[in-house]
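Trainee: The chain contents come next:
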Amino acid sequence: SQQGEEDPQALSIQEGENATMNCSYKTSINNLQWYRQNSGRGLVHLILIRSNEREKHSGRLRVTLDTSKKSSSLLITASRAADTASYFCAPNRDDKIIFGKGTRLHILP
Amino acid sequence: DTGVSQNPRHKITKRGQNVTFRCDPISEHNRLYWYRQTLGQGPEFLTYFQNEAQLEKSRLLSDRFSAERPKGSFSTLEIQRTEQGDSAMYLCASSQTTVANTGELFFGEGSRLTVL
Chain A
1 SQQGEEDPQA LSIQEGENAT MNCSYKTSIN NLQWYRQNSG RGLVHLILIR
51 SNEREKHSGR LRVTLDTSKK SSSLLITASR AADTASYFCA PNRDDKIIFG
101 KGTRLHILP
Chain B
1 DTGVSQNPRH KITKRGQNVT FRCDPISEHN RLYWYRQTLG QGPEFLTYFQ
51 NEAQLEKSRL LSDRFSAERP KGSFSTLEIQ RTEQGDSAMY LCASSQTTVA
101 NTGELFFGEG SRLTVL
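Protein chains in written order, with my numbering: chain A, 1 to 109; chain B, 1 to 116.
In case anyone wonders, no lab produced these hints; they're calculated from the structure.
Treat the hints loosely; a few may be bogus.
Said to hold, decoys possible - Straight-line C-alpha distance at most 25 Å; calculated SDA-like pairs for lysine to any residue:
{"#": "1", "chain 1": "A", "residue 1": "56", "chain 2": "B", "residue 2": "98"}
{"#": "2", "chain 1": "B", "residue 1": "57", "chain 2": "A", "residue 2": "69"}
{"#": "3", "chain 1": "A", "residue 1": "96", "chain 2": "B", "residue 2": "97"}
{"#": "4", "chain 1": "A", "residue 1": "26", "chain 2": "A", "residue 2": "78"}
{"#": "5", "chain 1": "A", "residue 1": "70", "chain 2": "B", "residue 2": "45"}
{"#": "6", "chain 1": "A", "residue 1": "26", "chain 2": "B", "residue 2": "115"}
{"#": "7", "chain 1": "A", "residue 1": "96", "chain 2": "B", "residue 2": "76"}
{"#": "8", "chain 1": "A", "residue 1": "101", "chain 2": "A", "residue 2": "66"}
{"#": "9", "chain 1": "A", "residue 1": "96", "chain 2": "B", "residue 2": "28"}
{"#": "10", "chain 1": "A", "residue 1": "96", "chain 2": "A", "residue 2": "39"}
{"#": "11", "chain 1": "A", "residue 1": "26", "chain 2": "B", "residue 2": "57"}
{"#": "12", "chain 1": "B", "residue 1": "11", "chain 2": "B", "residue 2": "26"}
{"#": "13", "chain 1": "A", "residue 1": "70", "chain 2": "B", "residue 2": "41"}
{"#": "14", "chain 1": "A", "residue 1": "26", "chain 2": "B", "residue 2": "59"}
{"#": "15", "chain 1": "A", "residue 1": "96", "chain 2": "B", "residue 2": "26"}
{"#": "16", "chain 1": "A", "residue 1": "26", "chain 2": "B", "residue 2": "45"}
{"#": "17", "chain 1": "A", "residue 1": "70", "chain 2": "B", "residue 2": "97"}
{"#": "18", "chain 1": "A", "residue 1": "101", "chain 2": "B", "residue 2": "115"}
{"#": "19", "chain 1": "A", "residue 1": "101", "chain 2": "B", "residue 2": "57"}
{"#": "20", "chain 1": "A", "residue 1": "70", "chain 2": "A", "residue 2": "22"}
{"#": "21", "chain 1": "A", "residue 1": "96", "chain 2": "B", "residue 2": "30"}
{"#": "22", "chain 1": "A", "residue 1": "101", "chain 2": "B", "residue 2": "46"}
{"#": "23", "chain 1": "B", "residue 1": "57", "chain 2": "A", "residue 2": "44"}
{"#": "24", "chain 1": "A", "residue 1": "96", "chain 2": "B", "residue 2": "65"}
{"#": "25", "chain 1": "A", "residue 1": "96", "chain 2": "B", "residue 2": "37"}
{"#": "26", "chain 1": "A", "residue 1": "26", "chain 2": "B", "residue 2": "60"}
{"#": "27", "chain 1": "A", "residue 1": "101", "chain 2": "B", "residue 2": "109"}
{"#": "28", "chain 1": "A", "residue 1": "26", "chain 2": "B", "residue 2": "73"}
{"#": "29", "chain 1": "A", "residue 1": "96", "chain 2": "B", "residue 2": "60"}
{"#": "30", "chain 1": "A", "residue 1": "70", "chain 2": "B", "residue 2": "104"}
{"#": "31", "chain 1": "A", "residue 1": "56", "chain 2": "B", "residue 2": "65"}
{"#": "32", "chain 1": "A", "residue 1": "101", "chain 2": "B", "residue 2": "9"}
{"#": "33", "chain 1": "A", "residue 1": "96", "chain 2": "B", "residue 2": "87"}
{"#": "34", "chain 1": "B", "residue 1": "57", "chain 2": "A", "residue 2": "94"}
{"#": "35", "chain 1": "A", "residue 1": "96", "chain 2": "B", "residue 2": "73"}
{"#": "36", "chain 1": "B", "residue 1": "11", "chain 2": "B", "residue 2": "60"}
{"#": "37", "chain 1": "A", "residue 1": "69", "chain 2": "A", "residue 2": "39"}
{"#": "38", "chain 1": "B", "residue 1": "11", "chain 2": "B", "residue 2": "114"}
{"#": "39", "chain 1": "A", "residue 1": "96", "chain 2": "B", "residue 2": "86"}
All values reported here derive from a predicted model rather than from experimental measurement.
Based on the provided sequences and hints, a complete structural model is requested.
Mentor: So, in structure tokens, the structure goes:
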């Protein structure tokens, strides 16, 4: 299975702090994607990192990929209340995107 | 580009009834995915299409579930003889995927099913 497993399952931090979420997977991949989901809404794509990339930035997001360890991390810097959401990683090998249970991030005021 | 559209947004039905959900993907997107999500869980893969061809159907899906994408544009997901366990959010997503590049998934807002 190419399902990713996010860790931790839940994370609460103070506004302004950085949030780090991790993803582990078991198979080789072509790329890995991160998505955000606000309560009761559809998922929104955040960032895609290819298997030959090690790090990628997008605004306050920083994603790393270690294919030797089959792991990825998502860092959100200077968190805001609006970052409160569930975050999912999606390791992609054959375009059948499988999601794990996600990390529920709660930003405290 | 109006995004991925799903209808209806909410459906309440009695156990044993049939329900059908429709998904209109972003035009020219060749891939279309269906997922099911219950509270506190991640989206569970149901099936996906490349144009009109159904590539895979999850083994978790019973024979009561069927999906079509007849002309490679919109898709329908039908659930026959609904059960209370079918209550969930049904999510549709589309992407433009080539041999060399998997596009990001664009999700609709989902269709919430409540089976009484």
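Trainee: Does each hint fit the structure? Answer for all of them.
Mentor: Right, here's what the structure says about each hint:
Restraint check for residue 56 of chain A and residue 98 of chain B: satisfied, since their Cα atoms lie roughly 22 Å apart, inside the 25 Å limit. For the given pair, residue 57 of chain B sits about 30 Å from residue 69 of chain A by alpha-carbon distance, which is inconsistent with the 25 Å threshold. With a C-alpha separation of about 11 Å, the suggested pair residue 96 of chain A and residue 97 of chain B falls inside the 25 Å cut-off, and the hint holds. Between residue 26 of chain A and residue 78 of chain A, the direct Cα distance comes to roughly 31 Å. Violation of the 25 Å bound is thereby established for this hinted pair.
In summary, the hint linking residue 70 of chain A to residue 45 of chain B is supported, as the alpha carbons are separated by about 22 Å, within the 25 Å threshold. Taking the CA atoms of residue 26 of chain A and residue 115 of chain B, the gap is about 36 Å. The hint is violated against a cut of 25 Å. Only pairs whose Cα atoms come within 25 Å are accepted, and residue 96 of chain A paired with residue 76 of chain B is accepted, the gap being roughly 19 Å. About 21 Å separates the Cα atoms of residue 101 of chain A and residue 66 of chain A, which keeps this hinted pair within 25 Å; it holds.
Distance restraint check for residue 96 of chain A and residue 28 of chain B: the Cα-Cα separation of roughly 19 Å lies within the 25 Å cut-off, and the hinted pair is therefore satisfied. For a cut-off of 25 Å, the pair hint linking residue 96 of chain A to residue 39 of chain A stands: about 24 Å separates their Cα positions. Proposed proximity of residue 26 of chain A and residue 57 of chain B is supported: the alpha carbons are some 22 Å apart, at most 25 Å. With a C-alpha separation of about 23 Å, the suggested pairing of residue 11 of chain B with residue 26 of chain B holds against the 25 Å cut-off.
The suggested pairing of residue 70 of chain A with residue 41 of chain B holds, with an alpha-carbon distance near 23 Å, which does not exceed 25 Å. Annotation: proposed proximity of residue 26 of chain A to residue 59 of chain B holds, straight-line Cα distance about 20 Å (limit 25 Å). With a CA separation close to 18 Å, the supplied pair residue 96 of chain A and residue 26 of chain B stays within the 25 Å bound. For the hint pairing residue 26 of chain A with residue 45 of chain B, the CA-to-CA distance comes to about 18 Å; that is within 25 Å, so the pair holds.
With a CA separation close to 24 Å, the supplied pair residue 70 of chain A and residue 97 of chain B stays within the 25 Å bound. Restraint check for residue 101 of chain A and residue 115 of chain B: the C-alpha separation of about 24 Å stays at or below 25 Å, so the hint holds. Distance check on the hinted pair: residue 101 of chain A and residue 57 of chain B sit about 20 Å apart at the alpha-carbon level, within 25 Å; holds. Taking the CA atoms of residue 70 of chain A and residue 22 of chain A, the gap is about 11 Å. The hint holds against a cut of 25 Å.
Between residue 96 of chain A and residue 30 of chain B, the direct Cα distance comes to roughly 13 Å. Compliance with the 25 Å bound is thereby established for this hinted pair. For the suggested pair residue 101 of chain A and residue 46 of chain B, the alpha carbons sit about 15 Å apart, so the restraint of at most 25 Å is met. The suggested pairing of residue 57 of chain B with residue 44 of chain A holds, with an alpha-carbon distance near 23 Å, which does not exceed 25 Å. Between residue 96 of chain A and residue 65 of chain B the CA atoms are separated by roughly 19 Å; this keeps the pair inside 25 Å, and the hint holds.
For the hint pairing residue 96 of chain A with residue 37 of chain B, the CA-to-CA distance comes to about 16 Å; that is within 25 Å, so the pair holds. Our distance criterion of 25 Å between C-alpha atoms is met by residue 26 of chain A and residue 60 of chain B, whose separation comes to about 21 Å. Under the criterion of a C-alpha separation no larger than 25 Å, the hint pairing residue 101 of chain A with residue 109 of chain B is consistent with the structure, at around 19 Å. With a C-alpha separation of about 33 Å, the suggested pairing of residue 26 of chain A with residue 73 of chain B is violated against the 25 Å cut-off.
About 15 Å separates the Cα atoms of residue 96 of chain A and residue 60 of chain B, which keeps this hinted pair within 25 Å; it holds. As the CA atoms of residue 70 of chain A and residue 104 of chain B are separated by approximately 20 Å, the hinted pair is consistent with the 25 Å bound. Between residue 56 of chain A and residue 65 of chain B, the direct Cα distance comes to roughly 39 Å. Violation of the 25 Å bound is thereby established for this hinted pair. Between residue 101 of chain A and residue 9 of chain B, the direct Cα distance comes to roughly 23 Å. Compliance with the 25 Å bound is thereby established for this hinted pair.
Pair hint residue 96 of chain A plus residue 87 of chain B holds up; C-alpha atoms about 24 Å apart against a cutoff of 25 Å. Annotation: proposed proximity of residue 57 of chain B to residue 94 of chain A holds, straight-line Cα distance about 14 Å (limit 25 Å). Simply put, residue 96 of chain A and residue 73 of chain B have alpha-carbon atoms about 19 Å apart, close enough for the 25 Å limit, and the pair holds. Restraint check for residue 11 of chain B and residue 60 of chain B: satisfied, since their Cα atoms lie roughly 22 Å apart, inside the 25 Å limit.
Between residue 69 of chain A and residue 39 of chain A the alpha-carbon distance is near 31 Å, which puts this suggested pair outside the 25 Å criterion. Proximity of residue 11 of chain B to residue 114 of chain B is assessed by CA-CA distance (about 6 Å); at most 25 Å being required, the pair is judged to hold. Proximity of residue 96 of chain A to residue 86 of chain B is assessed by CA-CA distance (about 22 Å); at most 25 Å being required, the pair is judged to hold.
Consistency with the previously given hints fails for numbers 2, 4, 6, 28, 31 and 37, ordered from lowest to highest.
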